[in-house]
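Here the structure of chain D is known, so what remains is to put chain F in place on it, guided by the hints.
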Amino acid sequence: MHYKVHVRIVPRAGLLDPQGQAVEHALGALGFGEASGVRVGKAIELSIDARSPDDARSRARAMCDKLLANPVTEDYLVEVEG
Amino acid sequence: MLKVAVVRFPGSNCDFDTLHSAQRAGTDAYFVWHRETDLKGADAVLLPGGFSYGDYLRSGAIARFSPIMPAVQRFAQAGGPVLGICNGFQILCEAALLPGALMRNARLSFVSRPVGLRVEQTDTAFTNRYTRGDLLRMPVAHGEGRFAADEATLRTIEGEGRVVVRYVELDGSPLKGAAINGSLNDIAGICNAEGNVVGLMPHPDRASDPAIGNMDGAAFFTSMLSWSPAKAAR
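Listed in order, the protein sequences are those of chains D and F.
Taking numbering that gives the first Met the number 0, the leading residue of the first sequence gets 0, the next gets one more, and so forth.
Taking numbering that gives the first Met the number 0, the leading residue of the second sequence gets 0, the next gets one more, and so forth.
Do not take every clue at face value.
What the hints assert, rightly or not - Pairs of lysine to aspartate or glutamate, EDC-like flavour, derived with a Cα cap of 20 angstroms:
{"id": "1", "chain 1": "D", "residue 1": "3", "chain 2": "D", "residue 2": "80"}
{"id": "2", "chain 1": "D", "residue 1": "41", "chain 2": "D", "residue 2": "80"}
{"id": "3", "chain 1": "F", "residue 1": "175", "chain 2": "F", "residue 2": "185"}
{"id": "4", "chain 1": "D", "residue 1": "41", "chain 2": "F", "residue 2": "54"}
{"id": "5", "chain 1": "D", "residue 1": "65", "chain 2": "F", "residue 2": "54"}
{"id": "6", "chain 1": "D", "residue 1": "41", "chain 2": "F", "residue 2": "185"}
{"id": "7", "chain 1": "D", "residue 1": "3", "chain 2": "D", "residue 2": "78"}
{"id": "8", "chain 1": "D", "residue 1": "65", "chain 2": "D", "residue 2": "53"}
Unchecked claim - Simulated restraints on C-beta separations:
{"id": "9", "chain 1": "F", "residue 1": "210", "chain 2": "D", "residue 2": "54", "range": "54 to 64 angstroms"}
{"id": "10", "chain 1": "D", "residue 1": "27", "chain 2": "F", "residue 2": "108", "range": "12 to 22 angstroms"}
{"id": "11", "chain 1": "F", "residue 1": "77", "chain 2": "D", "residue 2": "24", "range": "24 to 34 angstroms"}
{"id": "12", "chain 1": "D", "residue 1": "46", "chain 2": "F", "residue 2": "178", "range": "43 to 53 angstroms"}
{"id": "13", "chain 1": "D", "residue 1": "65", "chain 2": "F", "residue 2": "151", "range": "14 to 24 angstroms"}
{"id": "14", "chain 1": "F", "residue 1": "108", "chain 2": "D", "residue 2": "29", "range": "13 to 23 angstroms"}
{"id": "15", "chain 1": "F", "residue 1": "64", "chain 2": "D", "residue 2": "26", "range": "33 to 43 angstroms"}
{"id": "16", "chain 1": "F", "residue 1": "150", "chain 2": "D", "residue 2": "76", "range": "17 to 27 angstroms"}
{"id": "17", "chain 1": "F", "residue 1": "151", "chain 2": "D", "residue 2": "7", "range": "48 to 58 angstroms"}
{"id": "18", "chain 1": "D", "residue 1": "76", "chain 2": "F", "residue 2": "25", "range": "47 to 57 angstroms"}
Hints are computed from structural coordinates only; laboratory data are not their basis.
We put the beta carbon where it would ideally sit given N, CA and C, even for glycine.
Bound conformation, chain D alone:
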């Protein structure tokens, strides 16, 4: 069975995120002063052939640990559709 998987990668809390700061600054300049705490990360979509949603999730987490996220600087979230 193929499961659609969404991986969200964000800079670890507490680490300087200059992209997030720049975007937040630009939002403020555009009149969206209510926006704060902007963090810019990555979204990765993939399809995983697995026996169950739990299986797909655990494979996706293994992919994050090995390649998709850097354990030193990033955190990740995995969502499995269905």
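Coordinates of chain F only, in the frame set by chain D:
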């Protein structure tokens, strides 16, 4: 003659500078393509700068899994000298041969200019011909060179004297603010506990030929010739 492997990845662009610098130092330097699996009897390995795999995902993240990398890992773990310059440093961090990570520059801009460096550690395979405190001038050219590590790792690196070079102003005075990339403690280069693996963001390969008017980086390459791992702790 010392045999030196310069590993080329798709997107390496300082490979010839690095090869030239190593040859100029009096070594038998040659290229090894990333798809190869052995280092052809190398006595030292250099990972050059560039943008391997277009910096996709993260700088060095994909190159780190190249077919040649298991051989580099084994070589490094057996005490062989390995130097990563710029993208090579990023690859060594991704491969966990060096601690920490290189993140997007604090001011987002790509920095390409000469910087000042102070030599902090000379008991390494690539800095043993310098004197501690030497002031060097070398170019940097990177968008992701902000050294980051968690507090415990940073304490270990500093405590064990594993900062090899630190950014300073060109006149040797302490760096003002995050003028270059915002690296923790102005760290420009580090080494592993044994001193055989060294990584740095600045380019000694672009400062080791009289033709370009700067020889400050040349000793990174000649140091390979005189490296003998010391048993004593640093």
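Okay, the hints, checked on the actual structure:
The straight-line distance between the Cα atoms of residue 3 (chain D) and residue 80 (chain D) is roughly 5 angstroms, inside the 20 angstroms bound, and the hint therefore holds. With a CA separation close to 18 angstroms, the supplied pair residue 41 (chain D) and residue 80 (chain D) stays within the 20 angstroms bound. Taking the CA atoms of residue 175 (chain F) and residue 185 (chain F), the gap is about 10 angstroms. The hint holds against a cut of 20 angstroms. For the hint pairing residue 41 (chain D) with residue 54 (chain F), the CA-to-CA distance comes to about 14 angstroms; that is within 20 angstroms, so the pair holds.
Taking the CA atoms of residue 65 (chain D) and residue 54 (chain F), the gap is near 17 angstroms; set against the 20 angstroms cutoff, the hint holds. Annotation: proposed proximity of residue 41 (chain D) to residue 185 (chain F) is violated, straight-line Cα distance about 27 angstroms (limit 20 angstroms). For the hint pairing residue 3 (chain D) with residue 78 (chain D), the CA-to-CA distance comes to about 9 angstroms; that is within 20 angstroms, so the pair holds. With a C-alpha separation of about 18 angstroms, the suggested pairing of residue 65 (chain D) with residue 53 (chain D) holds against the 20 angstroms cut-off.
Here the CB-CB span from residue 210 (chain F) to residue 54 (chain D) is close to 60 angstroms, well matched to the stated 54 to 64 angstroms. At about 20 angstroms, the beta-carbon gap between residue 27 (chain D) and residue 108 (chain F) stays in the expected band of 12 to 22 angstroms. Separation of residue 77 (chain F) from residue 24 (chain D) is about 49 angstroms and departs from the stated range, judged on CB atoms against 24 to 34 angstroms. Taking the beta carbon of each, residue 46 (chain D) and residue 178 (chain F) are about 45 angstroms apart, inside 43 to 53 angstroms as hinted.
Take residue 65 (chain D) and residue 151 (chain F): their Cβ atoms lie about 23 angstroms apart, and the range 14 to 24 angstroms holds. Residue 108 (chain F) and residue 29 (chain D) have their C-beta atoms about 22 angstroms apart, which keeps the hinted 13 to 23 angstroms range intact. With their beta carbons about 37 angstroms apart, residue 64 (chain F) and residue 26 (chain D) fall inside the hinted range of 33 to 43 angstroms. One distance hint, 17 to 27 angstroms for the beta-carbon pair residue 150 (chain F) and residue 76 (chain D), holds here, with the actual separation near 24 angstroms.
Evaluation of the 48 to 58 angstroms hint for residue 151 (chain F) and residue 7 (chain D) yields a failure: the beta carbon distance comes to about 26 angstroms. Distance hint for residue 76 (chain D) and residue 25 (chain F): a CB-CB separation of about 52 angstroms, consistent with the stated range 47 to 57 angstroms.
Of the numbered hints listed earlier, those contradicted by the structure are 6, 11 and 17.
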